[in-house]
Structure formats: structure tokens, C-alpha cells
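S.K.: Sequence:
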Amino acid sequence: MGRFRYTFDVLTNRKTFRDLKESSPLRKLLETIRTELSQRETTIEDEQIGTGDGTQKRFRGTLAHPGIKPGSLVIHAVVTDDTTETLTDNGDGTLTSDKDGISGTIDYNDGDFDVTFNLAPKATEEVYADYTYFTEFVSYGLNRTYEARFIQYACGDDLDKWGETLDLPRNSGETDPDYRTRLLTELRDFTACLTADAIKDAVEGITGVNRPDIVEIHTLAPDWPLEWGENVGSEHVTWCNWDDLVDFLVVLAGTAIYIDDEVIDTAIEGQTHFEGNLDHPPVKKNSLFITDGVEIFTDDGNGNLNGDKEGSGTINYDTGAYVLDFNSPPGEGVQILADYISFEKLEDIASAVVLTKFAPARCLIVTENVGGYYDLVRLVE
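The numbering of the sequence shown is the numbering used here, which starts it at 50 and goes up by one.
Quick caveat, the hints were computed from the structure, so don't treat them as lab data.
Among these hints, one or two may not hold up.
Here are the simulated DSS-like pairs of lysine-lysine, each with C-alpha atoms no more than 27 angstroms apart in a straight line [unchecked claim]:
(1) K358 to K334
(2) K148 to K106
(3) K106 to K171
(4) K333 to K358
(5) K171 to K148
(6) K148 to K118
(7) K118 to K210
(8) K106 to K118
Estimated spans, in silico, between C-beta atoms of each pair [stated by the list, open to error]:
(9) T111 to V372: 38 to 44 angstroms
(10) I306 to D95: 49 to 55 angstroms
(11) K210 to I151: 23 to 29 angstroms
Computed from a predicted structure; not experimentally measured.
Each residue gets a CB set at the ideal place from its N, CA and C atoms; glycine is no exception.
Could you put the whole structure together from the sequences, leaning on the hints where they help?
M.R.: Below, the structure is given as C-alpha cells:
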């Protein structure tokens, strides 16, 4: 698949970016994202995770903050011989007691821990945890395995999944730290810790785009065509399969389109069921408002329409197809009106930042539509 390295020079090689200059909003956005996607960590000290009773040695639970930095967890308590027993994170999901070897496990993803002290913590003495976790991350619908744990924080099976993604499998007997270092050397990745909302704010502030949206690409291009490694005639271009890689799109190319009082149907006497298509798909989730002047329907972001008088319906955000069932007939000649926010379809977008499922920091650029395929420029050094 080749090496991922990061800069923005290659963008000017593509005709879509012929006007991309040093002062362009897109360049500023990308540079800002690269600058701000830095490691954001918070250190927790003396989080109480249990209380000793003088006999209990095993403690299980979940830390208050998931996304634990491997190697950062320390669990400690005053034990029955009036000394402090300390269990230290080995960076591979296990903890070792300073009194008696391997004594516990930690799930970095969820913060679930299971530890056994060599000596029971004294009665009424608190069991404490010190650790570092990552405070912000892109998490809108991502698979939890990749939600906050990027390569530099992945362990075990999660790290192996990264290797599969990068076509760089673990060597026989290779430890997590060595494998992690090798993957990072290959990828030359950087930490991504901005929230989706923070990225939206950056887009709006730098480009002037009004209320930018983060869109699941599969709603616009469900049949993303080719796999990584496809030869498309340029060292700066690659393709990807939606199911394997691409997850989210930040729309930069145009402002949101606000649709007000679109007449979607006119009722006849006794009619309660309506279906059809909105004029301006795709529809932004949580933006649709439909009414006959009496009952009001809103969408819930999952494709359901809920009436305030117990009516119901559905909306296809991609196509604009809707189905409505009013609780009571609107009446002869009553217009059914819709307000919603639309955005430009993918084929109309000249540029967009793509966030990937496996590395939300990895910025790729949708440059053009070629025969239904979307060209992605690789950001290289």
C-alpha cells in the first residue's frame, strides 16, 4: 500500500486544486488540522476504585475515563502488612505487582480492570488508580476498537488489526512495543485527538462554510469501488473501499442549503397517508420539519419521523424519500410543508476532508469524480 507521509505539496498536482495557493482556505484548514491534531492527554491521580476490608484481594471494575494510555496505569493500596502494594501497567494489557508478579489486566479501550493483590488491602483503606487517558477524539459512530485508540495506543488484537489495515502483519514473537514502533515508522502517523465538533468549528472558522456537516460517506457513495493498492496511474493517488477504510466526510465545498416551506403534497378529504420525495436531497439529519399546520413531524437522526400528535413516518436522508402517517386527516386542500437543510451531493463537491475509520487523523482529499469513482489524493512529504 505504500508509505503514508504528510504534507500538502501534492495537492497542486491535481487539476481540482489548480487554484490552491498558500493563503487558500483549504490549505489553511489542513495545516490547522495537522497542527492541532496533537496529543491531548489528561492524567488522573488517586481515582478511588475500591475499598479494602482486610480480606478481599481481587478488585474488578471500570475506570472513570476510557481510552487509557498503555503503560500509564498504576493501581495501589495500603495492604495488611502496612506497606503499599503497587500494580504497574506493562503496556500490553497486563499489570505486575511489586510483591508477586503478574496480578491483573486492563482493557485500554473501555477501562475495564481486573486485579488481584498479593496481600489484601487493609480494612477501610481505599484502592487507588493513577493513569493517563485521551481527552478528545473523533467518535461519531466509529467502531469502538478504533474510536480513541490509534496506533500509538493500540495493543494486542487491536494492534494486529492496524497491521492488517496497513498490510504489515506482526512478526512471529514480536512484542506490542516493537510492533507498535514498526507500524509507526511505516505510517509516520500523528496523533488525532480533535472531536468532530472541534473539526466542524475549524472548518467554519477557516473556510467560512456555514454550519459544515460531518457526513457518513456511505450515505452518499455506498459502493465505494476499489481497494488500496489499485494502480491508477499516479503515485499520488489511491483508492479505498468504504467498508474497509473510509468513514466520514467533512463537507467544505459549499454552504448548507436551507429549504423552507417546500410543498411536498396536498391533502384530499380523509387522507392520512402520504409518501413521495423531497426536492433537494440529501437531507441533513435532525433538520427535517414537516407539518400540515396542526401536527408537526421531526426526524430523529435515524430516519424516523415522529409527530407531536402520535403520527409517524420515515425519511431516507440520501434520496429524500419520505413516508408520513398523520394521526388525523389534514383536510381537503391542505398543503403539507417541509423545512430542512440540504447539502451538496458528493459528485458536486470539489474538495473535502475525509476522516478514516482506522486513523481519523489521516486526511485524504476527494478531488474529482471519474466515471463514478472518487479520486483520493495521498498527502505525502
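S.K.: Against this structure, judge whether each hint is valid.
M.R.: Here is how each hint holds up against the structure:
1. K358 to K334: holds, 21 angstroms
2. K148 to K106: holds, 13 angstroms
3. K106 to K171: holds, 10 angstroms
4. K333 to K358: holds, 24 angstroms
5. K171 to K148: holds, 16 angstroms
6. K148 to K118: Holds. K148 to K118 sits at ~24 angstroms (cutoff 27 angstroms).
7. K118 to K210: Roughly 18 angstroms between the alpha carbons, so the hint for K118 and K210 holds.
8. K106 to K118: holds, 25 angstroms
9. T111 to V372: 38 to 44 angstroms: With a Cβ separation near 41 angstroms, T111 and V372 satisfy 38 to 44 angstroms, so the hint holds.
10. I306 to D95: 49 to 55 angstroms: holds, 52 angstroms
11. K210 to I151: 23 to 29 angstroms: Given a distance of about 25 angstroms, which is inside 23 to 29 angstroms, the answer is holds.
Checked against the numbered hints above, the structure breaks none of them.
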